[in-house]
Amino acid sequence: GDSVTQMEGPVTLSEEAFLTINCTYTATGYPSLFWYVQYPGEGLQLLLKATKADDKGSNKGFEATYRKETTSFHLEKGSVQVSDSAVYFCALSVENNDMRFGAGTRLTVKP
Amino acid sequence: DAGITQSPRHKVTETGTPVTLRCHQTENHRYMYWYRQDPGHGLRLIHYSYGVKDTDKGEVSDGYSVSRSKTEDFLLTLESATSSQTSVYFCAIRFSGGSTDTQYFGPGTRLTVL
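Chains as they are written, first to last, in my numbering: chain A, 1 to 111; chain B, 1 to 114.
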């Protein structure tokens, strides 16, 4: 069935370091792809999305490109801040907006 | 802010007791969802609703029931809570617009079953 696999955490980086969180997917149709972020004690917030191959989603300095050839949607940020510490979820949506989530990757950024 | 609230935000209960969680939205979205979040599993769909009195099962629906008598409210009931239902529960709505539909989430309810 449709599924998402993302890199296991936790990930610990120093402030201003480069971030990559890997996400790959399996889908029979043509999914839309999402990254959500969850700050401590809060719900999931949409970070960015892409709806078709080669689309790039971007928000708050984060970006991810929909790569159909490698079935990937890796999240990147050039210079992380302490305030980026959170759990990041990759997700896909297929027909009828049925969503599948990855297990989440916890990011800690140290000053 | 998608106008979603959940109540209660925290609850501790005992095994075998009934529990009802409420999700309330203010923007008349047709689709509403209940998920549970557990370490190592991400979010898993319990039930969803596509209109008043229209609901369907998700991936992990056993032990849960739902009701939607008004557009704005979607209730999740654990008829007889078990320790395996200790989790964080999130409600979501589907927003239709732009290039794709997107789900937006409430703040969550942390449920502990002793």
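If you're looking for bench data, these hints aren't it; they were derived computationally from the structure. Treat the hints with care, since some could be wrong.
Stated by the list, open to error - Cβ-Cβ distance ranges computed for the label pairs, FRET-style: (1) A:108 to B:38: 31 to 37 Å; (2) A:9 to B:84: 20 to 26 Å; (3) A:42 to B:63: 34 to 40 Å; (4) B:114 to A:106: 24 to 30 Å; (5) B:77 to A:106: 39 to 45 Å; (6) A:22 to B:20: 35 to 41 Å; (7) A:22 to B:8: 33 to 39 Å; (8) A:53 to B:101: 17 to 23 Å; (9) A:53 to B:72: 35 to 41 Å; (10) A:60 to B:39: 22 to 28 Å.
Stated by the list, open to error - Which residues of chain B face chain A? A few of them, derived with a C-beta cut under 8 Å, are: (11) 90; (12) 97; (13) 100.
Small disclaimer: the values here were computed from a predicted structure and weren't measured. Yeah, the Cβ is synthetic: ideal placement off N, Cα and C, and Gly gets one too.
For each hint, the structure was consulted:
1. A:108 to B:38: 31 to 37 Å: 21 Å, violated
2. A:9 to B:84: 20 to 26 Å: The hint (20 to 26 Å, Cβ to Cβ) holds, given that residue 9 (chain A) and residue 84 (chain B) are roughly 24 Å apart.
3. A:42 to B:63: 34 to 40 Å: 26 Å, violated
4. B:114 to A:106: 24 to 30 Å: 27 Å, holds
5. B:77 to A:106: 39 to 45 Å: 31 Å, violated
6. A:22 to B:20: 35 to 41 Å: 39 Å, holds
7. A:22 to B:8: 33 to 39 Å: 37 Å, holds
8. A:53 to B:101: 17 to 23 Å: 19 Å, holds
9. A:53 to B:72: 35 to 41 Å: 37 Å, holds
10. A:60 to B:39: 22 to 28 Å: 26 Å, holds
11. 90: 6 Å, holds
12. 97: Not OK, violated: residue 97 (chain B) not within 8 Å of chain A, min 12 Å.
13. 100: Hint on residue 100 (chain B): holds, closest Cβ of chain A at ~4 Å, below 8 Å.
In this structure, the hints that do not hold are numbers 1, 3, 5, 12, in rising order.
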